[in-house]
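Counting in the UniProt record's numbering, the sequence shown runs from 1 upward without gaps.
One thing to keep in mind: the hints can contain errors.
[Claimed, not checked] Derived pair list, reagent style DSBU-like, types lysine-lysine, alpha-carbon separation capped at 30 Å:
no.	residue 1	residue 2
1	K216	K131
2	K152	K216
3	K180	K37
4	K242	K152
5	K61	K152
6	K125	K160
7	K61	K131
8	K61	K160
9	K61	K125
10	K160	K216
11	K216	K125
12	K216	K180
13	K216	K61
14	K180	K242
15	K152	K180
16	K37	K125
17	K152	K125
18	K131	K152
19	K216	K242
20	K160	K131
Source of the hints: derived by calculation from the structure; they are not laboratory data.
Since the model is a prediction, treat every value here as computed from it, not as a measurement.
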Amino acid sequence: MAFPLVVSRLVVFPSTSMKVPTLVNPVIGAGIAVTFKLFRLTFRIRVRNDQRERVVQRTGKQYALAILHAHQLAALSLSAPRVGAMVSRSRDGDLLMPLLRGNGCVPIRGSSGVGEKGGATALTKMIRHVKDGNPSVIAVDGPRGPRGVAQKGIAMVAMKAEVPIIPVVLIPRRRWIMSKAWDRMQILLPFTLVDAMFGDPIFPTPGESIDDLRAKVAESLRVMEHRMDPEEAAICDQQCRKSSGKRRNKRERSSDEATTQSDDIVQSVGGQDSLVPGVEPNGVAVGADSISLKRQAA
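Let the hints inform the model, and build the full structure from the sequences given.
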């Protein structure tokens with residue numbers, strides 16, 4: 001949620017290197033919550049293809065809203081009672097707590113990334129929250145991206161709680177884009193119109209893998225963003241391709257390094273002064289199933 005971070009860092013603590021004192025966080029957070037409520041009165045929201053009520057009536061269960069990390073601030077305009085929302089276990093997260101509670105959300109501390117700090121615990125709490133009959137909202141590409149790449153959290157919540165995923169993109173028509181941020185966070189400006197486009201619900205199917213389900217979610221969000229915000233979507237696609245290329249090159253380098261290490265080990269085994277574990281310098285392998293290795297003639 002970038003709005004409170006902008007307020008706290010640029011207004012309250014303008015120095016980016018200055019840390020917000022822990023004891024002051026609740027006071028700042030409460031002030032941000034009040035400020036945002038007043039700010040929210042200035043903008044309007046236009047909803048298209050809203051599937052939430054239809055899904056609840058059809059299934060008798062709640063849902064998991066899937067949004068992009070960049071759209072978190074705009075998502076606060078989608079009011080619904082007791083919506084579970086994940087909040088990081090950081091000082092920034094402390095600032096968000098009053099803001100979320102003030103908008104009817106139930107903050108769940110942790111991360112949607114399974115490997116992130118508190119991620120597994122947060123997902124367990126979120127699954128329980130949804131099973132108890134409450135909706136949830138998850139920034140699928142958080143907390144660190146890459147942008148538009150859905151992490152496992154949204155799929156795990158939907159599968160374990162047996163609820164559908166409803167993707168939604170939210171585009172403010174007057175905004176400031178944080179172009180240096182990995183997600184290109186969108187900051188709503190006063191008196192803006194927010195276009196909220198809901199996609200068709202995505203139901204987990206028996207035998208479907210987590211990777212397949214999260215890929216469906218990512219593709220649905222990508223298609224809708226291209227439809228509603230083509231220029232921004234094109235920029236983000238380009239960034240995603242660059243990020244994918246870097247990750248692929250990193251994997252290839254790791255693979256090459258592993259191959260080189262394997263070759264070095266093979267060569268060491270055939271040499272006179274082998275230092276491979278389990279092989280003595282005289283070239284004889286030790287162990288229950290040892291095989292004698294002949295020393296090469298000098």
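Now for the hints, and whether the structure bears them out:
1. K216 x K131: The given pair, whose Cα atoms are some 22 Å apart, holds under the 30 Å limit.
2. K152 x K216: holds, 12 Å
3. K180 x K37: Given pair K180, K37 holds - Cα atoms ~27 Å apart, limit 30 Å.
4. K242 x K152: Answer holds: K242 to K152 is near 22 Å, not above 30 Å.
5. K61 x K152: holds, 21 Å
6. K125 x K160: holds, 12 Å
7. K61 x K131: Holds, at about 8 Å.
8. K61 x K160: Cα-Cα ~13 Å, so holds.
9. K61 x K125: It holds: about 17 Å lies between the C-alpha atoms, which stays within 30 Å.
10. K160 x K216: holds, 17 Å
11. K216 x K125: Satisfied, since the Cα-Cα distance of roughly 24 Å is no more than 30 Å.
12. K216 x K180: holds, 28 Å
13. K216 x K61: holds, 21 Å
14. K180 x K242: holds, 15 Å
15. K152 x K180: holds, 25 Å
16. K37 x K125: The given pair, whose Cα atoms are some 27 Å apart, holds under the 30 Å limit.
17. K152 x K125: holds, 15 Å
18. K131 x K152: holds, 18 Å
19. K216 x K242: holds, 21 Å
20. K160 x K131: Roughly 9 Å between the alpha carbons, so the hint for K160 and K131 holds.
Every hint from the earlier list agrees with this structure, and none is contradicted.
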